[in-house]
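With the sequences and hints as input, model every part of the structure.
2 protein chains.
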Amino acid sequence: MDKPRLSESQEDYLKHIFKLSEIHDTVSMQHLAKNLGVRPASVTGMIKKLNKMELVEYKPYKGVHLTDIGEKIALEVLRHHRLLELYLADHLHYSWDEIHDEAERLEHVISEKFEATISELMGHPTHDPHGDPIPSVDLEIPDSPDLNPAHALENGDTATIRRVMTQDKDILNLLSRLDLCIDCEIEMIGSDNTGVRLKINDNQYLIPYSLAKLIWVH
Amino acid sequence: MDKPRLSESQEDYLKHIFKLSEIHDTVSMQHLAKNLGVRPASVTGMIKKLNKMELVEYKPYKGVHLTDIGEKIALEVLRHHRLLELYLADHLHYSWDEIHDEAERLEHVISEKFEATISELMGHPTHDPHGDPIPSVDLEIPDSPDLNPAHALENGDTATIRRVMTQDKDILNLLSRLDLCIDCEIEMIGSDNTGVRLKINDNQYLIPYSLAKLIWVH
DNA sequence: ATTTTAATTTAGTTTTAACTAAATTAAATC
DNA sequence: GATTTAATTTAGTTAAAACTAAATTAAAAT
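Chains as they are written, first to last, in my numbering: chain A, 1 to 218; chain B, 1 to 218.
These are calculated hints, taken from the structure and not from any lab test. Incorrect hints may appear among the rest.
It does not matter which identical chain is used: a pair holds within one copy or between any two.
[Said to hold, decoys possible] Simulated crosslink set (EDC-like; lysine to aspartate or glutamate; CA at most 16 Å straight-line):
{"#": "1", "residue 1": "K113", "residue 2": "D97"}
{"#": "2", "residue 1": "K113", "residue 2": "E102"}
{"#": "3", "residue 1": "K199", "residue 2": "E187"}
{"#": "4", "residue 1": "K113", "residue 2": "E98"}
{"#": "5", "residue 1": "K62", "residue 2": "D25"}
{"#": "6", "residue 1": "K113", "residue 2": "D101"}
Here is the structure:
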C-alpha cells in the first residue's frame, strides 16, 4: 500500500472527488467533468485508471468514491492548497480573490519541506483565508464549530463570519468591498423574498440569497 | 512577434540554451541533451519545433542559438529561478544545497504577481545566493564586477567570493561546511599540483583545482 | 411495458514530448 | 582520397490525457 507518484491531473481528480464527496455521498462522472472542466468521457477514462491504482472505488454507471489511500492523497493536496492560500494572503499580501488561482498551480509542485516550512512559519494554522479547514500534518481535518448560513439568522441576531463557500473571484471581490471577511461581525436586520439585510461595520446592505447562503456564521 | 505560451519543457530548453550560450557561441544537440537529461534525438525534435516558432535559429548539423524573443523568454525563466532561489534562502531559510531543486519546479508556475511581489519584498535584488545575476524586470542582466576563479589568485592575495559556479548539492554542501559563502573573504596561501591552500575564517584548507575553479572572486 | 431522455461508456483520434533503431552527415585519421 | 568514428537526423513507437462520435445503460414518463 505504497503511495505512488501521481500526475497533476490525477491529483486534481482526487482533490475534486474529495470536495464533491463532502456534499454528495457518491460522485457522478458528469459532476466531476463539470468541476474539472473536462468532458465526461475523459473522466470515465481517468477514473478507470485511478480505480486500477486502487485510489478510487468505481462502479460503472453508479459513481466513484475515494479509497483510504486516495483520500490521504486528496487531503495532502488540499493541505498544500490551503496552506498556500494562507501564506499568499498573509506573507505576500495577496487579496482574497487572487489566492486561489496561484495556489492551484503551486499546490502540485511544492516539496514536503516547503509545506513544513510555511506551516511552521504561520504557527501551524487550522483554517485558510476562506475559513476552510486545513488538514493537519497527519491529515486529520480540524473540526470547525458548527456553522449556519447567514440567511438562517433571526432578526436582531449578531454573528461572526467563519467561512465563505466560494472561490469565484468576482464574488470574493464584491464581498471584500463590503468589508466582509472571516471573523468579522455581522447583524441580521431583516429578510424578505429578495434577500437579507445585513449590518457590517455600521453599513447596511441587502445581500441576495444566492450570496447569503455562501456566508457561514457562528 | 507576440510571446506565445510555452510548455515547461520548452521553457527548460530555452533556459538551457541560454546558459550554454554563455560559454559556447553555438550550442550542440549533444550538449543540450546532456544538460536536459534527454536523448539527442528528442532534442532535435524539440529544436525543430522551437525553430518554427522562431524562438531559436537552427542550422541542421551546426547547432542552435536563441533569437531575440527566445532570449527574452529564457531570461524571464532565469529571473523567476534566481528570484525564487534568493527568496527560499532568505525568507524560508533553505540551505544552499536545497534551493535549486525547489526553484526548478516553481519557476514555471509562479505568476507575474508572485514574481513582482517577492522581488519587491527583497528590495529588487541583483544577485542570487550563488552570486548569479538576476535579470531585471525589463530583462537586462545586471553587470557583475569582473571576477576571477579562486585558483588564479597570487600567494598572499585576499579576495571576496562573488560567485559559486555549480548547482551540485553535494559540492554546495561541502563548501558551506567550510564556511565558504558569497561575500566571504578568503586568502590564498599557496598552490601546488594537487590544488590551492586557502584561508577561510582562520581555518586553512586544501581545495582541489576542480573545486577552486568553481569559486569566482573579486 | 414501451418509449423517451439523460447519463455513462466505448472506440477511435489528437497532441505533446519523450523514446529506440536505423540512416545520414561531418570530422578526423590513416 | 578512403575509411573510421562521432554527432546528428529521420522514421516510427509509446504514454498520458485530452477530445469526438457512436453505442449502451439506467431512470423517468407515458
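*Which of the stated hints cannot be reconciled with the structure, identified by number in ascending sequence?*
none
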